[in-house]
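Using the hints, put the two standalone chains together into the complex.
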Amino acid sequence: MNEQIREEIKRIEESALRLQALAKENPALVRNAEIILSFVYILKFITPKG
Amino acid sequence: MKYWNPYLETLPKEALTRIELSYFRDMLSYAKTHSRLYQDKLKDTSPEEIRTLEDLKKLPLTDKEEMRTYQEMNPFPYGGLLGTDLEKVTTFRQTSGTTGKPIYVPETYESWQWRIEAWCHILYMAGFRPHHRVFLPFVYNVYVAFWEGHYAAEKLGCELIPGGGLDTKGRIHKILEVKANAMMNTPTYGLHIAEEAKSIGINPSSLGIERMLCAGEPMPEATRRRLEELFGCHVFDHIGGTEPCAWAGMCEAKDGMHIIEPFFLVEILDRENLQREVEEGEIGVAVITPLGRRSFPLIRFNTKDLVIKGESSCPCGRTSQKIKEVVGRMDDLRKVRGVLFSPKTVEEVIRKDFPQIEEFEIIVERRGIMDVITLRAEPHPELTVSSIEKTKHELQERLKIATNLTFNVIMEPPGSLPRYMLKAKRFKDLREEKP
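Chains D and R, in that order, give the protein sequences. All letters in the first sequence, in the order written, are residues 1 to 50 by the working numbering. All letters in the second sequence, in the order written, are residues 1 to 435 by the working numbering.
The set of hints was computed from the structure by calculation and includes no laboratory data. Every residue, glycine too, gets a C-beta built ideally from N, C-alpha and C. Worth double-checking, as some hints may not be accurate.
Unchecked claim - Calculated cross-link-like contacts (lysine-lysine; reagent style DSSO-like; alpha-carbon spacing at most 27 Å):
#	chain 1	residue 1	chain 2	residue 2
1	R	Lys425	R	Lys64
2	D	Lys44	R	Lys155
3	D	Lys10	R	Lys88
4	D	Lys10	R	Lys155
5	R	Lys335	D	Lys49
6	D	Lys44	R	Lys2
7	D	Lys44	R	Lys254
8	D	Lys24	R	Lys88
9	D	Lys44	R	Lys423
10	R	Lys423	R	Lys169
11	R	Lys425	D	Lys49
12	D	Lys49	R	Lys2
13	D	Lys44	R	Lys13
14	D	Lys49	R	Lys428
15	R	Lys13	R	Lys2
16	R	Lys423	R	Lys324
17	R	Lys254	R	Lys88
18	R	Lys335	R	Lys428
19	D	Lys49	R	Lys155
Claimed, not checked - Which chain D residues face chain R? A few, computed with CB under 10 Å, are given here:
#	residue
20	Glu3
21	Lys24
22	Tyr41
23	Ile46
Looking at chain R on its own, in the form it has when it is part of the complex (with noise of 0.2 Å):
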């Protein structure tokens, strides 16, 4: 069977809109009587209101700040971001917290699963099946990470292998013990177990994995394809975050990811005013509305995910709406003398061009008035002295044409860099001001 959800994944346009407009006013309808945060927020609003995707403007956005304001409520510790009775909470999830307080996410029995099933769709494309025998080389936690992905593929029958307790070498003579077939991780993590395999003499391809999802961090294309040649498999992406769940997953074309719908009713809109809906190729904030959990209501809340929206058909048959690429989070956008810059850039440059480099960081700093951009690279421990220099001479090149900065590049030593196991730490601006 090719689709999760053959009914669904193939509905006209028109209809996915109509149930989810219908979905939207339904969960507009719940959150107004049973969230605080939405009680006072739209208390002016009525749902027989929102009748086409240009009414949904009427409403506002939601941001985390305010959710941290009315988290700070009773009942401890959801406050009236809650949007249930407290004893029917059944886990316990929180954000990262790097933009400040995290924000803690209650999931009921019944909302836990629906965002399951939402996952069931982004596995099911990306071609996991009940004969996959499926690594999660990750300690699971407070985090939401892996935990949706350990479900859902329980869910579709795959069979489960959790590899917390052990480091990254434990983890591969693991998957070669249990042979494995496939794995979630990050790519950070994928590329990190490359290069642990290699310094065993392992090949990463011999390993046998087959199939690989990647999470947690955007994914430039030049990284997918470098973990699909050094693990020999197919490596597909998808976006999420703890407080609006996984909504877009790529499929087997592998071009841009398909929107989960109508489990989510998602608006990419312009980056300057958040008004305006992005046309296909154009970069816009994803603004999303989770249209089936009640535990946790969010209404147009404001991913800060910069996306470029991709087309509304592929060749797979899906109907629903395509992002043809993660660009980043609009915290991560920093200017540089004057110039926008996305450090994801410089790692779609590494990447596809410089295989020869194993890590890198990025570090943006003040000297007197002049910003300065530096770029930390880490060789592959073989390569010769002239090689390390003409490596060097071209990644500032290179560096130059893709972002229009100078880079300062310095070469350091191999294994001095950090290594990551979550989402990579590669990006550092000291300075005080972000511009």
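Extracted from the complex, chain D is given alone in its bound form (with noise of 0.2 Å):
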């Protein structure tokens, strides 16, 4: 698996991240930035280091 791969996936992870502390007050851009990171947890699971 590329290592660009993981690092891609890690950048989403900050992304949403950092979406969720601008958007605190906002439970819409809260939630759908928690589904994002939901999707982040199974991204990071299916590419493990062989």
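Right under this line is the structure:
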């Protein structure tokens, strides 16, 4: 698995966390960012280092 | 594309094992800090002790009875089985409760999507693709059945037709109306749809179904082939459960099932002591650890599913461990007159050699000191009296050879035995004590 893919997943995670922090007064944005983080969890799970 | 996840599905076995052990340690750490059950059960265990597959045996198995005890704790309704904050739970599921009080299973958005991802492997292996219009002939409810299939097919990009609120004839007409070309169902219900279609003058093979994924009950190879013949389609099997999730599925080779690695760490242990990993070709009990579902941690869950361990290689190129066959549930195995009996053997014989039998039921009862085993068989309505009599004798002979038991065979009138939508209940043990 290309290390670049893992790096990209990490960037999505950091971006979703930043979004949550920026929009903490907006439940829709917070929840959608949380859902992105659920998928980040799965993306990490399915791209382990061999 | 042949694989859903080409990277995971072709990893060398050693890499898969290494990843699974690493995930196992992570899940063990998580369970010890988030699940009351494992805080108590594994308090003296350190995840770092688990370095090899052999080390797993240092940990106790988890069984349903202790889960029921911990479920009684707070918070309601999941108690000490919950692995997350209650407010993060987004879906309630439960087991059917056939062996006792149901287990309530919490899913968070994350854990549910994790289950769905594992299920995508099963559907993709069975050849489901975005061009498939998938008919689901069931009402979904508190049980997990078909919810996973629905969401996984959607994730794959298929088009879903939820066909719950119709009777069987209505479903047949809907399949034709919308030109559905794939289906998910129990083997029993697949046979029932075929029977109903024929009764209204429709050849099941003209329904246009190309792919069928079966679930919910053990499917003998003869039943799978019969469904393929009836519908003129490819039929695939998979195995799973509410607690451990769906953990293995059949590929295009249609020879056993691939364990969905590294989502699950599956041990197949000898049924006498549940200690030794069985050899290829040997029957064992499947013990499962789902490696990424945090809402409901399960460490070494004893499924009580009996399976035959298969090969580690496959013409399809996937490298995951296979199971050759699902034998049945430990709970379904019975001793009848001292002989170990599995109802699946009877289904295998009937579906393979007696297409003229539409439905059947097996009853074991005790008369005096003797166990009596009866097969109630329902022949096709067009069978003549002499053919029915001939079939009865042939059934007795074939069952004697296959099971080593003498069956009392009763031929019943057409349409007299119950038909089933989900899991069939064709086996009834009426003895008070089940040896």
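To see whether the hints hold, each was checked on the structure:
{"no.": "1", "hint": "Lys425(R) / Lys64(R)", "result": "22 Å, holds"}
{"no.": "2", "hint": "Lys44(D) / Lys155(R)", "result": "18 Å, holds"}
{"no.": "3", "hint": "Lys10(D) / Lys88(R)", "result": "23 Å, holds"}
{"no.": "4", "hint": "Lys10(D) / Lys155(R)", "result": "23 Å, holds"}
{"no.": "5", "hint": "Lys335(R) / Lys49(D)", "result": "48 Å, violated"}
{"no.": "6", "hint": "Lys44(D) / Lys2(R)", "result": "22 Å, holds"}
{"no.": "7", "hint": "Lys44(D) / Lys254(R)", "result": "30 Å, violated"}
{"no.": "8", "hint": "Lys24(D) / Lys88(R)", "result": "17 Å, holds"}
{"no.": "9", "hint": "Lys44(D) / Lys423(R)", "result": "36 Å, violated"}
{"no.": "10", "hint": "Lys423(R) / Lys169(R)", "result": "19 Å, holds"}
{"no.": "11", "hint": "Lys425(R) / Lys49(D)", "result": "45 Å, violated"}
{"no.": "12", "hint": "Lys49(D) / Lys2(R)", "result": "22 Å, holds"}
{"no.": "13", "hint": "Lys44(D) / Lys13(R)", "result": "20 Å, holds"}
{"no.": "14", "hint": "Lys49(D) / Lys428(R)", "result": "50 Å, violated"}
{"no.": "15", "hint": "Lys13(R) / Lys2(R)", "result": "19 Å, holds"}
{"no.": "16", "hint": "Lys423(R) / Lys324(R)", "result": "22 Å, holds"}
{"no.": "17", "hint": "Lys254(R) / Lys88(R)", "result": "39 Å, violated"}
{"no.": "18", "hint": "Lys335(R) / Lys428(R)", "result": "13 Å, holds"}
{"no.": "19", "hint": "Lys49(D) / Lys155(R)", "result": "25 Å, holds"}
{"no.": "20", "hint": "Glu3", "result": "13 Å, violated"}
{"no.": "21", "hint": "Lys24", "result": "17 Å, violated"}
{"no.": "22", "hint": "Tyr41", "result": "6 Å, holds"}
{"no.": "23", "hint": "Ile46", "result": "6 Å, holds"}
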